[in-house]
Amino acid sequence: DAKTTQPTSMDCAEGRAANLPCNHSTISGNEYVYWYRQIHSQGPQYIIHGLKNNETNEMASLIITEDRKSSTLILPHATLRDTAVYYCIVRGGNDYKLSFGAGTTVTVRA
Amino acid sequence: DVKVTQSSRYLVKRTGEKVFLECVQDMDHENMFWYRQDPGLGLRLIYFSYDVKMKEKGDIPEGYSVSREKKERFSLILESASTNQTSMYLCASSRHRAGNTIYFGEGSWLTVV
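Chains as they are written, first to last, in the working numbering: chain C, 1 to 110; chain H, 1001 to 1113.
Treat the hints as calculated values from the structure; they're not laboratory data. Among the clues, some could well be false.
Here are the computed lysine to aspartate or glutamate pairs in the DMTMM-like style, where the Cα-Cα straight-line distance is at most 20 angstroms [said to hold, decoys possible]:
no., chain 1, residue 1, chain 2, residue 2
1, H, Lys1003, C, Glu14
2, H, Lys1003, H, Glu1030
3, C, Lys97, H, Glu1079
Taking CB as the label site, the calculated pair distances span [what the hints assert, rightly or not]:
no., chain 1, residue 1, chain 2, residue 2, range
4, H, Arg1014, C, Glu14, 40 to 48 angstroms
5, H, Glu1030, C, Glu14, 38 to 46 angstroms
6, C, Pro21, H, Trp1109, 25 to 33 angstroms
7, H, Gly1040, C, Ser25, 19 to 27 angstroms
Positions of the beta carbon are idealized from the N, C-alpha and C atoms, including for glycine.
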């Protein structure tokens, strides 16, 4: 799996957009970018994934650069319940397992 | 929505006890997984099953076994629990094709005393 680099932590104001960056400069052509989050003491929650195009769902948007070497997860209106560790993962089409790095600890403040 | 349900959220067991962790998924997924998650060590795969009665060892299978008698159910068994198996255990599932999204359960916190 290609490795990813994320900031260790970031703060966000409630109601504002949270932009979470991720670098994956060694990503290869058939590898997807996945985002999960883990709220304290709970299992990881799938957020979104993409290959080349930007993606949006009810939770977030994923912006992938044209060269695919980095991406940004956008939480459009952060709430206190979005406080969690966010993991950016690069995963190949033939991979059946996941490995998480350290992730970004996001704290949403009122 | 995909639902992966783990039978117990919190368990306390004694050293040497046999421990069963149960997991059920409701999305007809072929693949099911058991991971453990420990601070500083991240997520580690214990066992993986791609079909009923089929299993493959993950990265840390020692001290564990699994059972998959029905497609929706995947059990993790600690034959003789030890204190170094105190951890958070995560069940997950996905569709058969590798690369499909993996969905996790809420986790089971096991303490072995």
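Do the hints match the structure? See the list:
no.	hint	result
1	H:Lys1003 <-> C:Glu14	violated (29 angstroms)
2	H:Lys1003 <-> H:Glu1030	holds (14 angstroms)
3	C:Lys97 <-> H:Glu1079	violated (24 angstroms)
4	H:Arg1014 <-> C:Glu14: 40 to 48 angstroms	holds (45 angstroms)
5	H:Glu1030 <-> C:Glu14: 38 to 46 angstroms	holds (41 angstroms)
6	C:Pro21 <-> H:Trp1109: 25 to 33 angstroms	holds (32 angstroms)
7	H:Gly1040 <-> C:Ser25: 19 to 27 angstroms	holds (25 angstroms)
Consistency with the previously given hints fails for numbers 1 and 3, ordered from lowest to highest.
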